[in-house]
Amino acid sequence: MKDLNLYTGKRIARRNDGSFLHGSGQYTDDLDPADMLHAAIIRSPVANGTLIGFDVADVPSTATVLGPDALAEHVVGDLPVVWKLGGQWQERTPLLDTHLRYVGQPIGIVVAASRALAEDAAEAVILDIVDLPIVVDAKEALAADAPLLYPDSNSNVLAAFEAGDTADHIEEVFAAADRTLLTTIHIGRVHGVPMENRGLVVVPSPSGSLTITTSTQTAHAVRDVVCEVLGKRQNAVRVVAPDVGGGFGLKDHVYEDEIMTVIAAVVIGRPVKWIEDRNESFLTTTHARDEVHEVEVAFDFDGTLRGLRVDAVRNAGARFSIFGGGPLFAAFGVLPGPYKWDAIRGYGRLVATNTMSTGAYRGFGQTQAALVRERAVDLVAEALGRDPIDLRVQNMIRPEELPYGTRTFIEYDSGDYPSAALRAAELIMEPAWPEDGKVRGVGYCCYVQMTGIGNSDTNRAIGLDIGGFETADVRLEPDGTVRVATGVSPHGQGLETTIPQLVADELGVNIDDVELIWGDTETTPYSAYGTAASRSIALGGGSAVLASQKVAEQIRQVAGTMLEASPDDIRLTNGAATVAGTNVSVLIRDVAKRASQGFGMPEGVGPGLHARHAYDPTSATFSYATHACRVAVDVATGEVVVEDYVVVNDCGVMVNPTIIEGQIHGGVAQGLGAALMEEVLYDKNGQPLSSTMLDYQVPVSASIPDIRIEHMETPSPFTPGGMKGMGEGGTNGAYACVVNAVMAALPDVDNSTLHTPLTPARVWEAAQKKKQLD
Amino acid sequence: MTSERTIEMNVNGRDYSLRCEPRRLLSEALREDCRLTGTHVGCEQGSCGACTVIVDGRAQRSCLMLAVQADGSNIETIEGVGADSETGHPVQIAMHQAHGLQCGFCTAGIVMSLVHAHRSGISRQDVTKEVLNGHLCRCTGYVNIRQAIDAAWVELEDNE
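Residue numbers (my numbering), protein chains in the order written: chain A, 81 to 854; chain B, 387 to 546.
Chain A extracted, bound-state conformation (with noise of 0.2 Å):
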């Protein structure tokens, strides 16, 4: 459809970057409307108890309290679990509740003139609380005997569920089978760690209607919510997100505190701000993973894969986060990888202990999935004295073999798994390892991953309540100022410059003429998700081109009625439509001028040039990668360096390599920092050991190598534009890369149960225990 194609696949350097660098960003801590209070909240100091007491006399009158009671007078319903995995009987999660279940759980709200009033105002609150037995390791909180989080239950399981080939089938692939391995991997707690932490500004109009400011990847859902739990209506609550410091998942849904939050602005009637601080966002906000994996794997003498089982057990928290089992759901989903299976079976358990909600975090379980594959190919490989890249590509679907069913239901679009693994391997082998005794490996992890997902009908299947289109407007100011409002909701992602760059290609106009919309629900199209799930490109991006076609077809037609040619022949290039083949034409501006005020417009074309698409996939879009990388392991301390890293990548059409190559650094860093360093822990008693930025080691520079990236482009057959999702692909590949080019180093330690991260205790740890010879 295009005419000529400027912008897409180009390194545009970003559009917005400018604000950025010089200080004029607005982060939702940097609004000051007139009157603004600041609000604390009050949280529980136990992990589990009764509160029994809310005793605020000693409160200052200058500062107000909304305690339990108060804030119960406003809510009208609890909070929704969107994802309902069978047997899943917790599909609302209390928003007020005077039974403890983790340490820093929202009791109460304090506001007065400023933050620090407000914090000494919530010390003044004294809570009376009934002690009752805490659990915190998901494996004991199975146990006959285990304290229930939810009394009325007779288990803290609140869902399991079965995914893939059926018990019978597996058992049969199993039995036929050469050999079989068990391994155990226990796959650590981790924390998203965006830079700019929680927060939102509530400002209340005479009217009744609201305006929330909020840091968020999606202003739409945390509408949907905040009307539901409030009975409100949604045209009197607007939601912004304004410049958005990281998300990562983490903030792809509204959270208690919040909502506290706007209860108070409604209560008292002036605006008010409350900016969640570190600590608040290591104990509050949604840590990830904390899982349990029994995994076996059979396989043939010859190297053939047969079949993968696993039973997983995933600490859910004190409650379901929004997202509920849906990561481990999705994680069973991608286990195959790049791989041809016989059977695959997945048994999963959500379980319930006295800690932070695990929720949706960058790979939302394709990560663990990843992880849980790529190690236990390792484990054949080495079983069989195989090289690991060998192993691997002698299971790989092969391109002709795609699209190809995978026996998890889900089938894979188009690629080349074969080349990437063997170009990566190529890669990581070419330089010279250095000669001064340390010990080293090279780890692999080949993945498929499934973005951009949708539809709205397969959602729902799923069990996943939530719609899987994007929905783009495209219009055509009268001076041909383009404006594109979309559903999806950068924050870092750089789609102010990519989804701009599809635009002005479809158009023919200049790139600098095309302004994107987003954020907002009072000026963007309806939207699900927002910015999460790898779907931006694929569909934001999507649903824009298919938009500007629409808006591009009625340019062609007023342009051909000014220049009296058909509309076949015009070609819409450099801001102007021209008739094929001469140098008759018209600037696309002025016929935005023309077509504005409605004069002479072909039948069935405006007045004014605009269009609105609402994309709804027919299959999700499956961009993959062989990540591969040398490690440095010093077996004296434990000590890994990650010395060298390989990613080569296929996501479809790029639109800007720059932009997919900050995304790939940034994953790899997080899946990186998940193999070696963060972790969030409790103690037995539940109380938080990772609170701060220093108990919680994110990595530094000097924690990440330079990344070497070659790409490959194999187009999504079914994204207008050819685009697949591609933002957690890197968190996905480092995490099981790193892990293997550790293990990979050891090749004598014993292997059979595996803790990540594998900090430096761990490793030293591990390297005291070597194998038994068998």
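Think of the hints as simulated: they come from the structure by calculation, not from any bench. Note that this is a predicted model, so its numbers are computed, not measured. Note that the Cβ used here is the ideal one computed from N, Cα and C, for glycine as well. Incorrect hints may have been included.
Short derived list, chain A residues pointing at chain B, Cβ under 8 Å [what the hints assert, rightly or not]:
hint: 1; residue: G326
hint: 2; residue: V778
hint: 3; residue: V780
Once you have looked at the hints, place chain B on chain A.
Showing chain B alone in chain A's frame:
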């Protein structure tokens, strides 16, 4: 609570006279009293570096300094950097060209540290191996920030 004090600061060439409690952090005074919100607060503990500003010629975490300690100081924040040039400071230009930022929240602090190092003639190697490790960035994996450092330091090193 102790009574408020008056402090005088010059920020980005402009004089400010503020009334604030002794416990008020410099980061709070800059953001809330001077309304210079380009300085971001990520941890209030000195771990992340997002709030870095230049105080009397030294790069400082503004969350680890009380506003009263800055009484009489000359302070430079992100709003003042490169403001005298059409294109910005070489560090700002390089960060943009190398795609050294994504969500932008940590960016101001990193730019302030790098600008300070650039002016101080700290070597590229020391900036990459030492200075940058004093900052946390969750989006970029630091790879492109190191590229930006390389680019911004080329001119400096050519002059030596």
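Which numbered conditions among the earlier hints are violated in the structure presented, ordered from lowest to highest? Checked against the structure, no hint fails, so every one of them is satisfied.
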